[in-house]
Every structure is written in structure tokens, then in C-alpha cells.
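Trainee: Given next are the chains, with one letter for each unit.
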Amino acid sequence: MAYHSGYGAHGSKHRARAAPDPPPLFDDTSGAYSSQPGGYPAPGADVTFNVNHLLGDPMANMAMAYGSSIASHGKDMVHKELHRFVSVNKLKYFFAVDTAYVAKKLGLLVFPYTHQNWEVQYSRDVPLPPRQDLNAPDLYIPTMAFITYVLLAGMALGIQKRFSPEVLGLCASTALVWVVIEVLALLLGVYLATVRSDLSTFHLLAYSGYKYVGMILSVLTGLVFGSDGYYVAWAWTSSALMYFLVRSLRTAALGPDSVGGSAPRQRLQLYLTLGAAAFQPLIIYWLTFHLVR
Amino acid sequence: MAFTLYSLLQAALLCVNAIAVLHEERFLKNIGWGTDQGIGGFGEEPGIKSQLTNLIRSVRTVMRVPLIIVNSIAIVLLLLFG
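Which chain is which? The protein sequence lines are A and B, in order.
So the first sequence is numbered by the UniProt record's numbering: it starts at 1 and just counts up by one.
So the second sequence is numbered by the UniProt record's numbering: it starts at 1 and just counts up by one.
For reference, chain A alone in the conformation it holds in the complex:
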């Protein structure tokens, strides 16, 4: 009996294999399916059911194979488009950090006055990653600081019983929009003043994102020590951030390419740097004062 049903199944498989439907496709899927019924708890009655399963589903098998090929094609297309807009290798450079770097950089953001050497180090024309160079900008700290700021804003609003989920989303998108505006303004300034340096968009994004650390510290101090503590922390972090930005951008903007340059152009670059630095305390105050009443 088992031999008969096995022979029947085999025979029908042969018949199905000789069918004019696309043979290679059918071979693949039948191979895939024949392994499955092996795992089946298969009494003799199920063998015929498996044969019907095989015969009745060539369209489903074909659709599955087609769908998976479409999915992989779509994934390749998305990767290609993404690579056209965002260079993933350059982005990886900004996230190559380690714990020691993050700790030292946070300390530098709060107290930059004793740091001596602000130059970004290069190795054969390629800037060293943040892991090996304290002065290199990174995007890890700004990203984490932004997320922490959003959470902290939610917590501060919750303490004052003004919380609702829409306010959290609004706070996050407001902060993000201000960062985008600032990066666009800085890009426009860099273009107009014809600063020839290694300052790419991601560098500017990193330097704009460092203000979130100051915002977090100000809000925390304001929550713990009240309104006076908030103003003290705001003044301290603003001045530290201004000093940090001016020193970093001076050595980054006057990079290895712009040697000298005319006096008005250097004055323009100086104004740009000072303007970017002076904008920071305003935006820190604007984005945090409503959290500390």
C-alpha cells in the first residue's frame, strides 16, 4: 500500500515535471516542497494531500519566487538611491567613537578653557576618526544628546503636569527644525564667504548638535535647583560652547587649504564663526526656557 501510494506520488511528480509550465521553476519549488513533507508527521493519507499541495500551488510558488526577487530588487534600488544622497562611509566616520572619546569630549564641551591643541590631526590627508583624535567632530554625541533632550523635556513637562504625547512630538520636531535651519544658514554662510576647507554638511551638523549637551545640562540644573540654577547653568554652558565653537571652527575653517587669503575674506570668515557662536546661547534659551518655569 505504501509502495503503491509512493509510486503514485512519484509518477505524478514525473508527470508534473514534464508539464509545459516553466520547468526550472517547477524543479526548484518541488525540491523545496519535497523537503517540507519530510518534516511532516506524514501518515499514508497525507501523501496524496502533499501531491495535491504540489500540483495545486505552482502559481503560488511562482508568485513567491517573483515576490522575493522583486523584494531583493527593491532593496538594491533603495540602497543605490540612499548611496546617492548620503555617503554611508562618510557617515560611518562620524560614528567611530569609543567610551573614552565620549567622556573626554563631554568634559571638553563643559570646560574647554584649558585645552591646548585644537588642530584636527590627519594621517596622509585623511582626517583621523574620532576614536583617535579628540578634536575630530562626531555625530554620536549630538544624536544621543538630542534623544536625551526630548526625553528630558517630556520628564520636565510631566513634573509640571503639562505633559501630553503631542507636546513631546512637537518639542522634538521643533528642535529638529531649528537644527536644520541653523545648518542651512551655516551652509549658506560658508558658500558666500567661500570658505575652502574640509567642512562638509556633516561637520556642520555635528557642531550644531553639540548645543544639545548644553541644553540638557541647563534643564537638569533648572529642575534640580530652580530658576536661578537654570540661568547659571545656561550662562556657563553657553560661554563654554561659544569658546569651544570659536576655537574649533577657527582651526577647521582655516584648514590646510586656505593659506592666508585676503583680509576681507578672512574678516568674513571671522564674522561667520562669531555669528554661529553667538547664535548658540539664544537658541539654547529659546528651546529650554519653557521647560523650566
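Think of the hints as simulated: they come from the structure by calculation, not from any bench.
Any given hint might turn out to be false.
[Claimed, not checked] Example chain A residues on the side facing chain B (calculated, C-beta under 8 Å, incomplete):
(1) S173
(2) T174
(3) V177
(4) V180
(5) Y191
(6) L192
(7) T194
[Stated by the list, open to error] Computed Cβ-Cβ distance ranges for the label pairs, DEER-style:
(8) B:V76 - A:V88: 32 to 38 Å
(9) B:K29 - A:Q160: 56 to 62 Å
(10) B:L14 - A:G226: 40 to 46 Å
(11) A:A60 - B:L14: 47 to 53 Å
(12) B:L22 - A:T251: 34 to 40 Å
(13) A:K90 - B:V76: 33 to 39 Å
(14) A:A60 - B:L22: 56 to 62 Å
(15) B:V65 - A:Y285: 38 to 44 Å
(16) A:L184 - B:G32: 22 to 28 Å
(17) B:V65 - A:N89: 31 to 37 Å
[Stated by the list, open to error] Stretch by stretch, here's where chain A covers chain B in the computed footprint (C-beta under 8 Å, at least three residues):
(18) 4–17
(19) 50–56
Ideal Cβ placement from N, Cα and C applies to all residues, glycine included.
We have chain A; now place chain B onto it with these hints.
Mentor: For chain B alone, kept in the frame of chain A given last:
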């Protein structure tokens, strides 16, 4: 000031529209920002005014057709959703 990303897009669209409507012959030439007035000089320092003039001219050239599309989408969205 509570921003959403959509308001940022609207502001950017309005700014680009403002740059795109600056007419070359009737307006820019009269205030000396035309594209054939004094961009010469292959020196190393273009200066702010020529950079601005180049920027305006390139924005007008590049964004002419995409602005039509994006403006139409914005108009339809504003009509539908207020």
C-alpha cells in the same frame, strides 16, 4: 514657536519661490545684480556679491520646473486639508 516639519517645508518653499520670481531683466539689472555685470575676473576671491548673484541665477535655472510641480502639490494639499 512650535514648528512641525511641514511648516519647515512650507517656509522653504516660500523662500525658493521668492528667489525664483526675481526677474533678470526688469529687476536684477536695475539694482546691479545682473549676471553679466562684473562677474569677470578670474581672481581667487569672487566676493559676496558675485556669489549671491551666482546663487540667485543658479537657483532660478535649476528650480524652475521642480517648483511648478512642488507648488502644484502644495496648492492641492492646502485646498484639501487647509
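Trainee: Evaluate each hint against the coordinates.
Mentor: Against the structure, the hints come out as follows:
1. At about 5 Å, the closest approach between the beta carbon of A:S173 and any beta carbon in chain B falls short of 8 Å, and the interface hint on this residue holds.
2. Checking A:T174 against chain B by beta carbon gives a least distance of about 5 Å; that is within 8 Å, so the hint holds.
3. For the restraint placing A:V177 at the interface with chain B, the shortest Cβ-Cβ distance is roughly 4 Å, inside the 8 Å limit, so the hint holds.
4. With a cut of 8 Å, the hint placing A:V180 at the interface with chain B holds, because the nearest CB-to-CB distance is about 6 Å.
5. Restraint check, A:Y191 versus chain B: the minimum CB separation of about 7 Å is within 8 Å; hint holds.
6. Contact between A:L192 and chain B, as hinted, is supported at the beta carbon level, the nearest pair being about 5 Å apart and thus within 8 Å.
7. For A:T194, the interface hint holds, since its Cβ comes within 8 Å of a Cβ in chain B; the closest pair sits about 6 Å apart.
8. Range check, B:V76 to A:V88: Cβ separation about 35 Å, and the 32 to 38 Å hint holds.
9. Look at B:K29 against A:Q160: about 57 Å separates their beta carbons, and that is inside 56 to 62 Å.
10. Between B:L14 and A:G226 the Cβ separation comes to about 41 Å, which falls inside the hinted range of 40 to 46 Å.
11. A:A60 and B:L14 have their C-beta atoms about 52 Å apart, which keeps the hinted 47 to 53 Å range intact.
12. Under the hint 34 to 40 Å, the C-beta atoms of B:L22 and A:T251, about 38 Å apart, fit the expected range.
13. One distance hint, 33 to 39 Å for the beta-carbon pair A:K90 and B:V76, holds here, with the actual separation near 37 Å.
14. At roughly 60 Å, the beta carbons of A:A60 and B:L22 sit within the given window of 56 to 62 Å.
15. Distance hint check for B:V65 and A:Y285: the Cβ-Cβ separation is about 42 Å, which falls inside the suggested range of 38 to 44 Å.
16. For A:L184 paired with B:G32, a C-beta distance near 26 Å keeps the hint of 22 to 28 Å intact.
17. Judged by the Cβ atoms, the range 31 to 37 Å given for B:V65 and A:N89 holds: they are separated by roughly 32 Å.
18. For a cut-off of 8 Å, the count of residues in the region 4–17 of chain B with a CB near a CB of chain A stands at 4, and the three-residue condition holds.
19. Counting residues of the region 50–56 of chain B whose CB lies closer than 8 Å to any CB of chain A gives 3, so the stated coverage by that chain holds, three being the minimum.
The earlier numbered hints are all upheld by this structure, with none contradicted.
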